[in-house]
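Chemist: So you can see what is in the structure, the chains are spelled out below.
2 protein chains.
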Amino acid sequence: MRDNLPRLGEIGLANYPPYLMNRIMGRYNAAIRAEMAKLGLTTPKMRALAVLSVIDGQVIGQLAVHAIVEQSTLSRAVDALEAEGLVRRQVDAADSRSVRVFITETGRAAFESLWPHMADTYQEMFAGIDPDEQRAFVATLQKIHANTRKSEV
Amino acid sequence: MRDNLPRLGEIGLANYPPYLMNRIMGRYNAAIRAEMAKLGLTTPKMRALAVLSVIDGQVIGQLAVHAIVEQSTLSRAVDALEAEGLVRRQVDAADSRSVRVFITETGRAAFESLWPHMADTYQEMFAGIDPDEQRAFVATLQKIHANTRKSEV
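Protein chains in written order, with the numbering used here: chain C, 1 to 153; chain V, 1 to 153.
Calculated directly from the structure, the hints in this document are not laboratory data. Watch out, some of these pointers could steer you wrong.
Unchecked claim - Within a straight-line C-alpha distance of at most 25 angstroms, the following computed SDA-like cross-link-like pairs (lysine to any residue) qualify:
(1) C:143 / V:18
(2) C:143 / V:7
(3) V:143 / C:14
(4) V:143 / C:102
(5) V:38 / C:5
(6) V:143 / C:34
(7) C:38 / V:13
(8) V:143 / C:147
(9) V:143 / C:133
(10) V:38 / C:148
(11) V:143 / C:25
(12) C:143 / V:147
(13) V:143 / V:119
(14) C:143 / V:38
(15) C:143 / V:117
(16) C:143 / V:32
(17) C:143 / V:143
(18) C:38 / V:16
(19) V:143 / C:30
(20) V:143 / C:38
(21) C:143 / V:22
(22) C:143 / V:148
(23) V:143 / C:134
(24) V:143 / C:119
(25) C:38 / C:83
(26) V:143 / C:130
(27) V:143 / C:83
(28) V:143 / C:6
(29) C:143 / V:25
(30) C:143 / V:131
(31) C:143 / V:135
(32) V:143 / C:124
(33) V:143 / C:135
(34) V:143 / C:132
In isolation and in its complexed conformation, chain C is listed as follows (with noise of 0.2 angstroms):
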């Protein structure tokens, strides 16, 4: 099979689908970015607010993963929000050596005001293509996750 591998150069930049994800998270990124910056949040501050506005209560390892931030990054992310009153930890009721984190009403609406410019983001990604073109492409983002996921949570 190595003896078959294509070339970099052969397939081209602008057909790998890696390099192309890569390129256009960039500009997502970028573009959030300066919103966020305006609300003093941080890249790792924005995605375990993100997160949290959808699953709340998580512990920190789970909220890791889903917020795809190292651990120790995340940790850091979270004492800070916890001092600005954007989360709040509170010991599991079930497991109290479990520590869990839960958005605060400030915290989510912190989120709530970066969310239009996140979803304004994401609707100039995706002009012009049509919705039948958007969920295959959700189905085979899906499919790609799921070969890569390594650590379910």
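Given the coordinates of chain C, assemble chain V onto it according to the supplied hints.
Modeler: Relative to the frame of chain C, chain V by itself:
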């Protein structure tokens, strides 16, 4: 339009393409990082070599866009690559104010030894996804890329 904006919790993280793409690329980049480290390469250095292996002799600004690395970071990466003999800078024959970056044979060999790991990771991502679906996926990525593209180089 803003009035009808769905919330992230309604879309669901697992159906939100920017989230899925960030998750997937997080895994892809992490998988490559370990192999890069063995070669003494960082992400900006690896990306510069990858891009130059396909389109050689780029000016720094162009290379930064193609490599998806901020220009100041890219400049430092090129300094390091030059010191290690993996690239060389050369004044443009037609425009003496312009400096172009070329990959050396050593640089090409370094990238070629990394490429099989990148290609394997890429193949794992697409395991069980048939060629037609892969082609459709790449076509959609190219449309999204065109939508998000701000600077043409």
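Chemist: Take the hints in turn and mark each one as holding or not.
Modeler: Each hint, compared with the structure:
Using a Cα cut-off of 25 angstroms, the hinted pair residue 143 (chain C) and residue 18 (chain V) holds, with the two alpha carbons roughly 15 angstroms apart. This hinted pair checks out: residue 143 (chain C) and residue 7 (chain V) have alpha carbons roughly 24 angstroms apart, not beyond 25 angstroms. Annotation: proposed proximity of residue 143 (chain V) to residue 14 (chain C) holds, straight-line Cα distance about 11 angstroms (limit 25 angstroms). Between residue 143 (chain V) and residue 102 (chain C), the direct Cα distance comes to roughly 38 angstroms. Violation of the 25 angstroms bound is thereby established for this hinted pair.
Taken as a hint, the residue 38 (chain V) and residue 5 (chain C) pair is honoured in the structure, with Cα atoms around 21 angstroms apart against an allowance of 25 angstroms. For the hint linking residue 143 (chain V) to residue 34 (chain C), the alpha-carbon distance of about 24 angstroms falls within 25 angstroms, and the restraint holds. Between residue 38 (chain C) and residue 13 (chain V) the alpha-carbon distance is near 24 angstroms, which keeps this suggested pair within the 25 angstroms criterion. With a CA separation close to 24 angstroms, the supplied pair residue 143 (chain V) and residue 147 (chain C) stays within the 25 angstroms bound.
Between residue 143 (chain V) and residue 133 (chain C) the alpha-carbon distance is near 11 angstroms, which keeps this suggested pair within the 25 angstroms criterion. Among the hinted pairs, residue 38 (chain V) with residue 148 (chain C) is consistent with the structure: their alpha-carbon atoms are about 22 angstroms apart, no more than 25 angstroms. Between the alpha carbons of residue 143 (chain V) and residue 25 (chain C) the distance comes to roughly 14 angstroms, so the proposed pair stays at or under 25 angstroms and holds. Note on residue 143 (chain C) and residue 147 (chain V): the hinted pairing holds, with a Cα-Cα distance of about 24 angstroms set against a maximum of 25 angstroms.
The hinted pair formed by residue 143 (chain V) and residue 119 (chain V) meets the criterion: a straight-line CA distance of about 23 angstroms does not exceed 25 angstroms. A distance of roughly 30 angstroms separates the Cα atoms of residue 143 (chain C) and residue 38 (chain V); the hinted pair therefore is violated under the 25 angstroms criterion. At roughly 21 angstroms between alpha-carbon atoms, residue 143 (chain C) and residue 117 (chain V) fall within 25 angstroms of each other, so this suggested pair holds. Annotation: proposed proximity of residue 143 (chain C) to residue 32 (chain V) holds, straight-line Cα distance about 20 angstroms (limit 25 angstroms).
Restraint check for residue 143 (chain C) and residue 143 (chain V): the C-alpha separation of about 20 angstroms stays at or below 25 angstroms, so the hint holds. The hinted pair formed by residue 38 (chain C) and residue 16 (chain V) meets the criterion: a straight-line CA distance of about 24 angstroms does not exceed 25 angstroms. Note on residue 143 (chain V) and residue 30 (chain C): the hinted pairing holds, with a Cα-Cα distance of about 19 angstroms set against a maximum of 25 angstroms. Note on residue 143 (chain V) and residue 38 (chain C): the hinted pairing is violated, with a Cα-Cα distance of about 30 angstroms set against a maximum of 25 angstroms.
Under the criterion of a C-alpha separation no larger than 25 angstroms, the hint pairing residue 143 (chain C) with residue 22 (chain V) is consistent with the structure, at around 14 angstroms. For the hint pairing residue 143 (chain C) with residue 148 (chain V), the CA-to-CA distance comes to about 24 angstroms; that is within 25 angstroms, so the pair holds. In summary, the hint linking residue 143 (chain V) to residue 134 (chain C) is supported, as the alpha carbons are separated by about 11 angstroms, within the 25 angstroms threshold. Only pairs whose Cα atoms come within 25 angstroms are accepted, and residue 143 (chain V) paired with residue 119 (chain C) is accepted, the gap being roughly 18 angstroms.
About 18 angstroms separates the Cα atoms of residue 38 (chain C) and residue 83 (chain C), which keeps this hinted pair within 25 angstroms; it holds. Proximity of residue 143 (chain V) to residue 130 (chain C) is assessed by CA-CA distance (about 11 angstroms); at most 25 angstroms being required, the pair is judged to hold. Under the criterion of a C-alpha separation no larger than 25 angstroms, the hint pairing residue 143 (chain V) with residue 83 (chain C) is inconsistent with the structure, at around 42 angstroms. As the CA atoms of residue 143 (chain V) and residue 6 (chain C) are separated by approximately 24 angstroms, the hinted pair is consistent with the 25 angstroms bound.
Only pairs whose Cα atoms come within 25 angstroms are accepted, and residue 143 (chain C) paired with residue 25 (chain V) is accepted, the gap being roughly 14 angstroms. Restraint check: the Cα-Cα separation between residue 143 (chain C) and residue 131 (chain V) comes to about 14 angstroms, which is no more than 25 angstroms; the hinted pair holds. Between the alpha carbons of residue 143 (chain C) and residue 135 (chain V) the distance comes to roughly 15 angstroms, so the proposed pair stays at or under 25 angstroms and holds. Distance hint between residue 143 (chain V) and residue 124 (chain C) is fulfilled; the C-alpha atoms sit about 11 angstroms from each other, no more than 25 angstroms.
With a C-alpha separation of about 15 angstroms, the suggested pair residue 143 (chain V) and residue 135 (chain C) falls inside the 25 angstroms cut-off, and the hint holds. Taken as a hint, the residue 143 (chain V) and residue 132 (chain C) pair is honoured in the structure, with Cα atoms around 14 angstroms apart against an allowance of 25 angstroms.
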